[in-house]
Amino acid sequence: MTGTTIDKAGPSRAAPKYGSMKRDRLWALRWSYFFLTLFAIFFLIPPIYMFITSLKTSAEISAAKNPWWVFNPTLSNYIELLGSPIYLNFFKNSAIVSVSVVVITMLIAIPAAFALSRMRFWGSATLATGVFLTYLIPETLLFLPLFKMFAVFNELTGIQLLNRWWVLLVVYPTLTVPFCTWIMIGYFASIPKELDEAAIIDGASWMQTLIRIFVPVALPGIIAATIFAFTVSWAQFLYPIAFTTSIDQLVLPVGIITTLIKGDVFNWGQIMTGALLGAAPPLIIYAFLMDYYIAGLTAGATKG
Amino acid sequence: MVDATVNAAAQLRRVKQAPRSRLRRFFEKKSTIAFFMTLPLILLIFTLVIYPAFYAIYLTTLNKRMTGTAWMRNCSYLPDWICTYIPFGNLQFLLTRETFWMVFWQSCLFAISAVILKALIGFIVSHFVHNVPSKGQRKWRGMLLVPWVIPAAMSTLAWQWLFDPSYSAFNWILAQFDIERISWTGVAPWARFSVILVNIWIGAPFFMIMYLAALKSVPDQLYEAAEIDGANWWQRIWYVTLPMMRNIIAITALFSTIVTFANFDIVRILTAGGPLDKTHLFATWAFRLGIEGGDIPLGATVSLFMVPILAVAAAFILRDITRRGNEA
Chain A
1 MTGTTIDKAG
11 PSRAAPKYGS
21 MKRDRLWALR
31 WSYFFLTLFA
41 IFFLIPPIYM
51 FITSLKTSAE
61 ISAAKNPWWV
71 FNPTLSNYIE
81 LLGSPIYLNF
91 FKNSAIVSVS
101 VVVITMLIAI
111 PAAFALSRMR
121 FWGSATLATG
131 VFLTYLIPET
141 LLFLPLFKMF
151 AVFNELTGIQ
161 LLNRWWVLLV
171 VYPTLTVPFC
181 TWIMIGYFAS
191 IPKELDEAAI
201 IDGASWMQTL
211 IRIFVPVALP
221 GIIAATIFAF
231 TVSWAQFLYP
241 IAFTTSIDQL
251 VLPVGIITTL
261 IKGDVFNWGQ
271 IMTGALLGAA
281 PPLIIYAFLM
291 DYYIAGLTAG
301 ATKG
Chain B
1001 MVDATVNAAA
1011 QLRRVKQAPR
1021 SRLRRFFEKK
1031 STIAFFMTLP
1041 LILLIFTLVI
1051 YPAFYAIYLT
1061 TLNKRMTGTA
1071 WMRNCSYLPD
1081 WICTYIPFGN
1091 LQFLLTRETF
1101 WMVFWQSCLF
1111 AISAVILKAL
1121 IGFIVSHFVH
1131 NVPSKGQRKW
1141 RGMLLVPWVI
1151 PAAMSTLAWQ
1161 WLFDPSYSAF
1171 NWILAQFDIE
1181 RISWTGVAPW
1191 ARFSVILVNI
1201 WIGAPFFMIM
1211 YLAALKSVPD
1221 QLYEAAEIDG
1231 ANWWQRIWYV
1241 TLPMMRNIIA
1251 ITALFSTIVT
1261 FANFDIVRIL
1271 TAGGPLDKTH
1281 LFATWAFRLG
1291 IEGGDIPLGA
1301 TVSLFMVPIL
1311 AVAAAFILRD
1321 ITRRGNEA
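Protein chains in written order, with this note's numbering: chain A, 1 to 304; chain B, 1001 to 1328.
Bound conformation, chain B alone (with noise of 0.2 angstroms):
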């Protein structure tokens, strides 16, 4: 932060003297050597990022063969001028769709869900790790972070293996007190649990170690001063704690509201979007269409579905950081 205005000073002070020292003069080549040293980052970004954003868009409108344009169909509920005219059949096919209600319902029931629990816990087991002497809490912290390191493709076959239905872990303990066993990931709320269950098991130890970050950015003084003014743990929680860390939270519960949202290794491995399509989000109903179905344009119009979502919660990252950037 006070780097900030340091810079800031120091910049002014440049700028005014600018006209006389040789800084004016080594503008030219400064500018045209900061373009290249950018240029491959610039033209990753628009060739491999931006423009495959807006390819999905003109993507969407093509039929199934990619050869021809998706008009929309039996709209006799429009006019004939809008009906004829305008490419969206692939979006007209999605929205009377069953299915695609579905998965959409569940995406959002899965990334609320998730990122919700993921915070609690995150909060909780930060709060535990920053308690206990400092010598300890590295032994901790590098403890609970092993399931964030753990390639998630690798640990959802870990869970697939302990939540298999005849031979496997969970179960057998279940069956040691006799109660039923349960077919973890074959009947739909079971596997819409285990899926949240899993992504949440993943991404805790990330929202853990945020937290325990910002924690310990808290200034003891506060604590002191709210003790002196009585307050009890509840409120110190409320009143200092939240306050102070509120912007770390919501940073990383919108980050983690994209990933979560956007999640296809978890579901692709554990369920493949069974049973019956009850698990499938848009990542992987997506890929089932158009990577196994062939039908890409439709494919791509499921899979821009998820933008309205990423970017709102992109909007409030970006006023977040910028925020920051002004506090400090």
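Pulled out of the complex, with its shape left as it was, chain A reads as follows (with noise of 0.2 angstroms):
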């Protein structure tokens, strides 16, 4: 069947015996519409399936009945954890975090993709290649030696950042700003150089080139730049759960899964209603921002 819908893309192939090309094209259509159903299924169940566990009590849920159906909806779940103290305080951690982590991405990366974007000196190829690199070091490799980096600094100065909700404001920096300064490389770079030069030679500083020229006409960049690190800090998963243990200083991923799991008892209902409400505001900016949500994904690797 891929043969089918694949000829599609260049479609009359030498003249088969049977049917119009229009016909064969048709019956591509069809499969690929078939085919692309069934992936959407599958893609689509698991959220689906939060939604309908998210409507039932725990009674409904511990019946042998279809778990694919909602016998008796209920919003009892969502009032329950929206009126939960502990729940907003999570919510309230993760968009602070995130927002505030968005704010310091954007300070650091922007004025250094334009410096090496466009005020080239010494060095500043390699660190751009530099910048890349690190943003493919995985986070996995360095939450140990942070931890301790973190507990020592504590011996050191007395400052206290383990369990801390703002250890995360020092570490999320580390895996947004290097692709953040990487995609803006690439799109400061595609902006003509003539439109910088007319500007210093008009007599503009050059941070007045960047806030004046370069922010405006790289807007595009610079908003899906700042949906991957809002993405990017809102998912984070390891380093909360590393270096934050306390209930009132977690942030969402972590909270639901530390405080609504109590030992084996797994109240599902509550449990969906809170993945599906912390999934909420990724989903609602991609619903909103797809275009620039998918530019940013695909900015690493086909630019630059």
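Everything labelled a hint here was simulated from the structure, so no lab data went into it. The structure presented is a predicted model; accordingly, all values stated were derived computationally and were not measured. C-beta atoms are modelled at their ideal positions from N, C-alpha and C, and glycine is treated no differently. One thing to keep in mind: the hints can contain errors.
[Said to hold, decoys possible] Covered, in the sense of this in silico footprint (three residues per stretch, anywhere, with C-beta under 8 angstroms from a C-beta of chain A), are these stretches of chain B:
#, stretch
1, 1037 to 1043
2, 1119 to 1132
3, 1135 to 1143
4, 1149 to 1161
5, 1281 to 1295
6, 1305 to 1316
Combine the two chains into a complex, taking the hints into account.
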């Protein structure tokens, strides 16, 4: 079936004995839709099932009825969670951390990308490559040395970072800044040289060139980078689970897993509600800014 | 690509003009400004990425309490001067443990099978999306990317619930067909399968998006020319699509190899490494030993085993990206 459908891309094959080209194409299209539907089902089952479960009471979940259907829909899980100060606190922590990380990231990445793409200086090319390599270093490699570093830092200075939510403000930029710098270098490089040369000749300083010309012109890139930074910080799981433990310091993903799962008792209705609400902010951003989201996603490999 | 040559030409011109123009006088100041603009980035990378990376190497030489060096022990097969002076005690400990080798093979199995299947599914789905009229493409693309958008920790929870042995979803469907229920996360082969499946579910949409972007960049004329020469669909894929997409295919796969090999969220939430450590990856095992077990040096040693594979993948990515730059 792949065959038939691929045919569509470059239609007429050396005219087959049966049927017309048009009919061939029609069938290819039908097969495409058929398989796309199958894949869409596969890709959408978990979120849909989250939603179904979130509408059920514990009694209905443990009854041996069809789990794919809601017999007595109820919003009690949502009401309970949104009325629980603990859960709202997770939400608040996540929101504060993600928004602050976005701001920090942009403050570091935009000037750096501007300097690296426009103001060539000794070692700038090496540094640009280095930034890209940093982006490839996974957080799973660094969490143990960072953990120990923060402990030592506490001994030396008396400033406690471990088990405080603001430790995430320190470590999240290592995940977001390299990639954002990298894609901003790509966006800035695509701006015509004449533009900033004209500005400089007219007497603008480098800072003015950046703020007045580059930021407005590269705004689509900045939006894409912002979305990337926000979703990465919102979804990050390893650093918060390694560095924070007290309930009031947790962010959403870790909070749901550590507080809603009590021992072996899984209150699945609430867990699914919490997970769905936790997935909502990225999903909403994605729904409204899909093109920017995808631009940011593909920029890493297609630019540069 | 044209841009690059134009830029290069502009630069050359500028270099030639340099002695006369005021850019020359400006140079000192410009490089200083540039340095200060990149300073936060440099500080961040050095203190929170490069320093910890080297600190990890130092940590591997320490003993569990981090009060002294972890010397090698009981190594009668080595000369004394190596045994008592080389601080590879943690390394020696790991290499002689069966669990370590199990984790090693599990990580490789997980990464290789997941990346190959993600690439395959991504390739196939991207062709289907490319086939439908462009009006509908947006809608399908939007739907199919959802797994990538949901935070991995949240969607893995949904999978955990779908895999629940007694109450739920998949086993209920199996029961309708009188098939015995499967302990999805309870026995080793199925647990490994589940973990890989979830990884594919999350990662395949990323491949789909990348390949779709690549497919759109293949000029139609190439397919037309291939058709006139009598190429069938398979030849068109093999001789036109694949060579044109080769770079993106490689970069995406290598990038995904790094992310998959270093994966933490899925295994941690779905199985926590169980049953009997049969699904642990390097990252989750390092977490178990280092954070939960309190033996940071040993955990750091485990996580450092990811470095060779990551370094090879990173080197290839860098090569491909610079090559792209040159092509362009």
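Status of the hints after comparison with the structure:
Counting residues of the stretch 1037 to 1043 of chain B whose C-beta sits closer than 8 angstroms to any C-beta of chain A gives 5, which meets the bar of three, so the coverage hint holds. Coverage of a stretch by a chain is defined here by at least three residues with a beta carbon nearer than 8 angstroms to that chain's beta carbons; for the stretch 1119 to 1132 of chain B and chain A the count is 9, and the condition holds. Coverage of the stretch 1135 to 1143 of chain B by chain A holds in this model, with 5 residues showing a Cβ closer than 8 angstroms to a Cβ of that chain against a need of three. For the stretch 1149 to 1161 of chain B, the stated coverage by chain A holds: 11 residues have a C-beta nearer than 8 angstroms to a C-beta of that chain, and at least 3 were required.
By the rule of at least three residues with a Cβ nearer than 8 angstroms to a Cβ of chain A, the coverage given for the stretch 1281 to 1295 of chain B holds, with 6 such residues. Only residues whose C-beta sits within less than 8 angstroms of a C-beta in chain A count toward coverage, and the stretch 1305 to 1316 of chain B has 5 of them, enough to reach three; the restraint holds.
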